[in-house]
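Novice: Residue numbers (full-length UniProt numbering), protein chains in the order written: chain A, 1 to 330; chain B, 1 to 330.
Worth flagging that the hints you see were computed from the coordinates, not collected in a lab. Some hints here could point you the wrong way.
Remember, identical chains collapse to one label, so a pair may be satisfied in a single copy or spanning two.
[Said to hold, decoys possible] Straight-line Cα separation of at most 20 Å, SDA-like style, residue types lysine to any residue; simulated pairs:
1. Lys286 to Ala112
2. Lys15 to Glu86
3. Lys187 to Asp294
4. Lys93 to His113
5. Lys93 to Arg103
6. Lys187 to Gly63
7. Lys286 to Leu275
8. Lys187 to Asp216
9. Lys93 to Thr115
10. Lys187 to Ile319
11. Lys93 to Arg167
12. Lys286 to Ala192
13. Lys93 to Ala111
14. Lys93 to Glu114
15. Lys286 to Arg167
16. Lys138 to Arg277
17. Lys138 to Ser289
18. Lys286 to Gly243
19. Lys207 to Ile319
20. Lys286 to Asp74
2 protein chains.
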Amino acid sequence: MHVMITGAGGMIGRKFAESIANDDRIGDRTVETLTLVDIVPPDVATDFTGTRNVVEADLSNEGVAADLVARQPDVLVHLAAIVSGEAEADLEKGYRINLDGTRALLDAIRAAHETDGYTPRVVYASSLAVFGAPFPDKIGDDFFLTPLTSYGTQKAMGELLLDDYSRRGFLDGVGIRFPTICIRPGKPNKAASGFFSGILREPLEGKEAVLPVDDDVRHYHASPRSAVGFLRHAAALDTQMLGSRRNMTMPGVSATVADQIEALRNVAGDETVALIRREPDPTIEKIVSGWPRDFDVRRAREAGFTAEDSFEEIIRVYIEDEMEGRAPRA
Amino acid sequence: MHVMITGAGGMIGRKFAESIANDDRIGDRTVETLTLVDIVPPDVATDFTGTRNVVEADLSNEGVAADLVARQPDVLVHLAAIVSGEAEADLEKGYRINLDGTRALLDAIRAAHETDGYTPRVVYASSLAVFGAPFPDKIGDDFFLTPLTSYGTQKAMGELLLDDYSRRGFLDGVGIRFPTICIRPGKPNKAASGFFSGILREPLEGKEAVLPVDDDVRHYHASPRSAVGFLRHAAALDTQMLGSRRNMTMPGVSATVADQIEALRNVAGDETVALIRREPDPTIEKIVSGWPRDFDVRRAREAGFTAEDSFEEIIRVYIEDEMEGRAPRA
Numbered sequence: 001m002h003v004m005i006t007g008a009g010g011m012i013g014r015k016f017a018e019s020i021a022n023d024d025r026i027g028d029r030t031v032e033t034l035t036l037v038d039i040v041p042p043d044v045a046t047d048f049t050g051t052r053n054v055v056e057a058d059l060s061n062e063g064v065a066a067d068l069v070a071r072q073p074d075v076l077v078h079l080a081a082i083v084s085g086e087a088e089a090d091l092e093k094g095y096r097i098n099l100d101g102t103r104a105l106l107d108a109i110r111a112a113h114e115t116d117g118y119t120p121r122v123v124y125a126s127s128l129a130v131f132g133a134p135f136p137d138k139i140g141d142d143f144f145l146t147p148l149t150s151y152g153t154q155k156a157m158g159e160l161l162l163d164d165y166s167r168r169g170f171l172d173g174v175g176i177r178f179p180t181i182c183i184r185p186g187k188p189n190k191a192a193s194g195f196f197s198g199i200l201r202e203p204l205e206g207k208e209a210v211l212p213v214d215d216d217v218r219h220y221h222a223s224p225r226s227a228v229g230f231l232r233h234a235a236a237l238d239t240q241m242l243g244s245r246r247n248m249t250m251p252g253v254s255a256t257v258a259d260q261i262e263a264l265r266n267v268a269g270d271e272t273v274a275l276i277r278r279e280p281d282p283t284i285e286k287i288v289s290g291w292p293r294d295f296d297v298r299r300a301r302e303a304g305f306t307a308e309d310s311f312e313e314i315i316r317v318y319i320e321d322e323m324e325g326r327a328p329r330a
Numbered sequence: 001m002h003v004m005i006t007g008a009g010g011m012i013g014r015k016f017a018e019s020i021a022n023d024d025r026i027g028d029r030t031v032e033t034l035t036l037v038d039i040v041p042p043d044v045a046t047d048f049t050g051t052r053n054v055v056e057a058d059l060s061n062e063g064v065a066a067d068l069v070a071r072q073p074d075v076l077v078h079l080a081a082i083v084s085g086e087a088e089a090d091l092e093k094g095y096r097i098n099l100d101g102t103r104a105l106l107d108a109i110r111a112a113h114e115t116d117g118y119t120p121r122v123v124y125a126s127s128l129a130v131f132g133a134p135f136p137d138k139i140g141d142d143f144f145l146t147p148l149t150s151y152g153t154q155k156a157m158g159e160l161l162l163d164d165y166s167r168r169g170f171l172d173g174v175g176i177r178f179p180t181i182c183i184r185p186g187k188p189n190k191a192a193s194g195f196f197s198g199i200l201r202e203p204l205e206g207k208e209a210v211l212p213v214d215d216d217v218r219h220y221h222a223s224p225r226s227a228v229g230f231l232r233h234a235a236a237l238d239t240q241m242l243g244s245r246r247n248m249t250m251p252g253v254s255a256t257v258a259d260q261i262e263a264l265r266n267v268a269g270d271e272t273v274a275l276i277r278r279e280p281d282p283t284i285e286k287i288v289s290g291w292p293r294d295f296d297v298r299r300a301r302e303a304g305f306t307a308e309d310s311f312e313e314i315i316r317v318y319i320e321d322e323m324e325g326r327a328p329r330a
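In isolation and in its complexed conformation, chain A is listed as follows (with noise of 0.2 Å):
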């Protein structure tokens, strides 16, 4: 089988690479190539025993998506996409990659639909940002799209454009709506979210972090581990189950702040939560406030996706996939 995956530098793109090269069994299917694109060339999955192709290409530029369907995956993962703050910054540049990218893509198969029959699993990268305020404390699987940023709109079309070409028999695809992953690795950024895994990741590595909001902020959540989880889920998934509508929020745990701190206490100790600091930011508060807290997931869930069943289990899973297991006892 072939696996192409859009966007293979980012976190998420990089993580699943390098799961395929760890265990390249997917479904009852053996990868047997890996294309790897990006606007960077991806330095990632070196150790991959099979063809491993990498191809450096941006998508909103003309003939790059028939290009790349050439090649003829049999799973399309697309990832690759402006985030929400950039989106938000740049309205043209957000558009053009978020929504004409996915559509240049969508489009391009379309086209070898047509001529030899070409129908790819494509999975689709959708986001929690589909949903915005007003809506109710757990939203369910047929609550409506409600983005309030760009980048939620970009990420919503993309869901129906999904929707009518899997309906037309084009394509297969899936659309995979990723709760906030946490504990996101790496450096602190300044994303509004980035708190979140901020608050447990520095005082796991003994560093101090700021909290800008209170305790009792509830957010969802879901790890790395299962967001690469979501994605080999999605790469085998009978749709058959999924009729016309192919897009489900995945799992996650739905967790106050304050659910957070008890988890990393009980898993990390007093001193280690000693590390967050309360330094309240307004601006923070008032975008956080917009986000959804908690989802009920039947779909996702009937059709066999899983995630973490609680905090503890998402911090856990960070110390064994970033540090080796060695992070301060409780």
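Model the placement of chain B on the given structure of chain A, informed by the hints.
Specialist: Positioned in the frame of chain A, the structure of chain B alone reads:
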């Protein structure tokens, strides 16, 4: 005030233009200029006493949107679209006109906004086709978009774009999901929905009509007069109350075919009803079975939109507006 109508040659565009010619007050303003746009020069509202411009234009052609927006209408009513059947038969044309045409218009407004602060009211014609089965018997305001046609997909994508561009302040949008318009004037057509009007219109004219579905089929309707009322109301609406959710399903009458026939009997008698001939058509049965049956349209009602309360009223509106009051009496 300057009102521009795209798709002014269509049934609703024509009636809306005529209504402005008859009554040039919209809200507390007077329409001084009326610009009628269509791919064939629309021969409507010829007795409008203000300045009347006719523009022959295809929005999907390069530069056309910018030329239209350069006229800086205060209210832009965007009705131009490829209809459902054609958008399904010709995918590229449907996306080009319904999605790209709408986007070109909104982007031209954005460019003008960025140059000189231009921020028009945009009234966007959407459709019940953004909803596809399965859905509840009564679809609420927060049910998700589940189109089962490319037309519905394109309209849903346009809704999302209207919301995003309104949220960003480039324009002040109101999206109108029209019920099925009944009784549609004119000749019988081949649209799957045609019989809903045909079984009333043809008998009222003393002609036979074919009913291809069961009497218990339920659907959701409003008169052409109500459709014009929606547009007039949307043109002058205080959008503050809508927040960032600019698209609404309009009020209408939910009725079974049996309800329609009983209303016809009450208004025009048994002899008229006897002109309906039952001739089941499994293809039409199947298409119609995926259509919405009823809506709970609290938001639109709170915003002051109104329609008929009964099918008898819908029939009487037709007799008044299309038959000069001369119809068979019960």
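Novice: Give the relationship of lysine 286 and alanine 112 under a CA distance limit of 20 Å: within one copy only, between copies only, both, or neither.
Specialist: Classified as neither: same-chain Cα gap 46 Å, cross-chain 30 Å, threshold 20 Å.
Novice: Are the CA atoms of lysine 93 and alanine 111 at most 20 Å apart within a copy, between copies, both, or neither?
Specialist: For lysine 93 and alanine 111, only the inter-copy Cα distance (15 Å) is at most 20 Å; the intra-copy one is 25 Å.
Novice: Taking 20 Å as the upper bound on the Cα-Cα distance, should lysine 207 and isoleucine 319 be classified as within, between, both, or neither?
Specialist: within (15 Å within a copy, 78 Å between copies)
Novice: How would you classify lysine 93 and histidine 113 at a CA-CA limit of 20 Å: within, between, both, or neither?
Specialist: between (28 Å within a copy, 18 Å between copies)
Novice: At most 20 Å between alpha carbons: which applies to lysine 93 and glutamate 114, within, between, both or neither?
Specialist: Cα proximity of lysine 93 and glutamate 114: across copies only (16 Å, versus 30 Å in one copy).
Novice: Are the CA atoms of lysine 93 and arginine 167 at most 20 Å apart within a copy, between copies, both, or neither?
Specialist: Classified as between: cross-chain Cα gap 18 Å, same-chain 29 Å, threshold 20 Å.
Novice: Give the relationship of lysine 93 and threonine 115 under a CA distance limit of 20 Å: within one copy only, between copies only, both, or neither.
Specialist: The answer is between: 19 Å across copies meets 20 Å, while 31 Å in one copy does not.
Novice: At 20 Å max between alpha carbons, let me know whether lysine 286 reaches arginine 167 within a copy, between copies, both or neither.
Specialist: So lysine 286 and arginine 167 pass the 20 Å test across copies only (16 Å; inside, 39 Å).
Novice: 20 Å Cα cut-off: does lysine 138 pair with serine 289 within a copy, between copies, both or neither?
Specialist: within (15 Å within a copy, 31 Å between copies)
Novice: At most 20 Å between CA atoms: does that hold for lysine 187 and aspartate 294 within a copy, between copies, both, or neither?
Specialist: neither (27 Å within a copy, 52 Å between copies)
Novice: Within, between, both or neither: how does the pair lysine 286, leucine 275 come out at a Cα-Cα threshold of 20 Å?
Specialist: Result: close neither inside a copy nor across copies, 24 Å intra and 63 Å inter.
Novice: Evaluate lysine 138 and arginine 277 at a C-alpha cut-off of 20 Å and name the case that applies: within, between, both or neither.
Specialist: The answer is neither: 30 Å in one copy and 50 Å across copies each exceed 20 Å.
The structure shown violates the earlier hints numbered 1, 2, 3, 6, 7, 8, 16 and 20.
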